[in-house]
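There are 2 protein chains.
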Amino acid sequence: MTRHYNFSAGPAALPESVLRQAQAEMLEWNGIGASIVEISHRSADFMAVAEQADQDLRTLLGISDDYAILFLGGGATTQQALLALNFASPGQRVDYVVTGHWGKTAIKQVSHYVDVHVAASSEADGFTSIPPRASWTLSPDAAYVHITDNETIHGVEFHDTPDVGQVPLIADFSSSIASEVVDVSRYGVIYAGAQKNLGPVGVAVVIIRRDLLERAGQPRADIFDYRSHVARDSMLNTPPTWNWYLAGLMFKWMLAEGGVAEFARRSAAKSALVYEAIDASGGFYRNTVQPAARSRMNIPFFLPDETLTTRFLAESKAGGLLALKGHKAVGGLRASLYNALPVDAAQALVDFMRDFQQRHG
Amino acid sequence: MTRHYNFSAGPAALPESVLRQAQAEMLEWNGIGASIVEISHRSADFMAVAEQADQDLRTLLGISDDYAILFLGGGATTQQALLALNFASPGQRVDYVVTGHWGKTAIKQVSHYVDVHVAASSEADGFTSIPPRASWTLSPDAAYVHITDNETIHGVEFHDTPDVGQVPLIADFSSSIASEVVDVSRYGVIYAGAQKNLGPVGVAVVIIRRDLLERAGQPRADIFDYRSHVARDSMLNTPPTWNWYLAGLMFKWMLAEGGVAEFARRSAAKSALVYEAIDASGGFYRNTVQPAARSRMNIPFFLPDETLTTRFLAESKAGGLLALKGHKAVGGLRASLYNALPVDAAQALVDFMRDFQQRHG
Chain W
1 MTRHYNFSAG PAALPESVLR QAQAEMLEWN GIGASIVEIS HRSADFMAVA EQADQDLRTL
61 LGISDDYAIL FLGGGATTQQ ALLALNFASP GQRVDYVVTG HWGKTAIKQV SHYVDVHVAA
121 SSEADGFTSI PPRASWTLSP DAAYVHITDN ETIHGVEFHD TPDVGQVPLI ADFSSSIASE
181 VVDVSRYGVI YAGAQKNLGP VGVAVVIIRR DLLERAGQPR ADIFDYRSHV ARDSMLNTPP
241 TWNWYLAGLM FKWMLAEGGV AEFARRSAAK SALVYEAIDA SGGFYRNTVQ PAARSRMNIP
301 FFLPDETLTT RFLAESKAGG LLALKGHKAV GGLRASLYNA LPVDAAQALV DFMRDFQQRH
361 G
Chain B
1001 MTRHYNFSAG PAALPESVLR QAQAEMLEWN GIGASIVEIS HRSADFMAVA EQADQDLRTL
1061 LGISDDYAIL FLGGGATTQQ ALLALNFASP GQRVDYVVTG HWGKTAIKQV SHYVDVHVAA
1121 SSEADGFTSI PPRASWTLSP DAAYVHITDN ETIHGVEFHD TPDVGQVPLI ADFSSSIASE
1181 VVDVSRYGVI YAGAQKNLGP VGVAVVIIRR DLLERAGQPR ADIFDYRSHV ARDSMLNTPP
1241 TWNWYLAGLM FKWMLAEGGV AEFARRSAAK SALVYEAIDA SGGFYRNTVQ PAARSRMNIP
1301 FFLPDETLTT RFLAESKAGG LLALKGHKAV GGLRASLYNA LPVDAAQALV DFMRDFQQRH
1361 G
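Going line by line, the protein sequences match chains W and B.
With the working numbering applied, the first sequence covers 1 to 361.
With the working numbering applied, the second sequence covers 1001 to 1361.
Watch out, some of these pointers could steer you wrong.
To be verified - Restraint-style ranges between C-beta atoms, simulated for each label pair: (1) W/K108 - B/Q1055: 28 to 34 Å; (2) W/D279 - B/L1255: 50 to 56 Å; (3) B/R1042 - W/R42: 32 to 38 Å; (4) B/Q1055 - W/M47: 26 to 32 Å; (5) W/A44 - B/R1286: 25 to 31 Å; (6) W/R210 - B/D1141: 30 to 36 Å; (7) B/G1319 - W/A44: 16 to 22 Å.
If you're looking for bench data, these hints aren't it; they were derived computationally from the structure.
Positions of the beta carbon are idealized from the N, C-alpha and C atoms, including for glycine.
So that you can see chain W by itself, here it is in the shape it has in the complex:
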């Protein structure tokens, strides 16, 4: 059994100790005579796992009881649609700040339901910046303001929480949650697919300020109603129990490692290593994002030509550095540095980059 350094953008690396526990418990969990994947979500055994995960995530992120937490299937994109259905009236104005591919995807989910106003966009510069807050044209009557905290494909990240006044701020934290200390109370809703920083694929986390649940929203199926999910503790229908359980194991691991403050420190260290290697390469490696907007999570970078890119991918893979291919929308290479990726992995990548440049630069 060999485990390499895995720079996948998601589904992404998980801590080996978490996988080992899941492995040990795969045929029988906690002496109950069955696997956790084989028992009812409404059993006392699973309910305890679910409740513990809720509590641990509250501790990890500093989430008060003013917020409900949902663990749902369907991914973050499904949540993007549910935001408009639950928190805006039909045709109501909503403000979106677009800083990359996922901000555009978020709009695609709601354009049938609401009046989308793009309050700011960095599309004109190829999504290489965060538009300054002063340039945003916010609507005073908007149902909410939506941002993408970190853009996985373009490698652009908010480094603070924008002040949007009294309108609730909704943020897609799919690729940055639990990697930085965030004041949750400044957000109306934080949502994230778990498969990058928080746990396995197949479960999304939605953190909702409870007063927003009093909004009428739009006519919708019961399964699209966050109030119904909250009333049933995310068990309105059968939730993705195994994925929820594995996320819970990852929460425990993150708490044991030192919590979000420690992962913020590691994220800063990992990303600094890679950006320094790029910036010190004399243009052999290039990252096109404005330094102030650079992501600590996803670093897209480029070599002088396609032949070198292909060679870099083949050699890095052979050297035990996996999944460094860039997203097809931007090409090149990409290193994703989520919570489960150790600092040693970033160091190994940087060592490889320097060696590769020496041989091919």
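Take the given structure of chain W and dock chain B to it, following the hints.
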């Protein structure tokens, strides 16, 4: 490690060999240096797993290329909402045949979108029968007719495919798929959560006759559009990859065991054992479903009083027979006999039932 006989109604028992393979591959899959849960859904490695699962499910159920197959998160209940959004015009008439709790839930998802007509219901007799086809009041202009092939809570099952003429028949097969030989070509859509007969929790299968995808449906988010999911081979957003992979292992297991015909034989044998034990008990055990409508998958049954029910649950659990508690909506006991449950388990249950009656009857 002890594995007991697990009669859970879902999430339900999985074959031990499938769990063992998942266990062996938990830290590294197929020599790639990472777990299958840690790699991109768009990687060549996962795409091959996904494609194989599609092919194996086609072989298992006899699904022609006239049908698309989707593997999606969000459960069967989400699909219930998407049916109306994709296959009916706003406010169009749809026909529902209600034979239990899940038929009612299906209506709850669509009542905001369409004109629901209950073409038949067995609610008046406590959902203990399938209304005769001749009694259904079908609408000639309905967008579709919806049935629940097997009602998990009430233990009522269709034993043939009703003829509904030219209107597409849509069926929730969550708790009976792959347990009986079905002519898929008689259905417009078959959908199922995997967590009972088909694989693990966290993934739903939707089998759609392709001509239905030409329907305009209703204004909806891109993520609610089956056409978008089909165009992207269920990878419009990040799918529940691990769950999909495990379902694929279960498909291979079912094919190796002899396919659906063999599971139909085992299902008949398992359910016959339990119903015979009930019917031979002189009223000590009672099942209230009309014999012609009895489910082969879920058998709710009742003891003379609550004290005996509590004792039965405690003693059966101590004897290695898990999860026999009835659903709270109907009380009593329930034995679920899905594909991964061996005939030996049904025999062990029946032996226990006879022994329990001798001691307490």
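Original post:
So which hints don't hold here, by number, going up?
Top reply: Hints 4, 6 not satisfied by this model.
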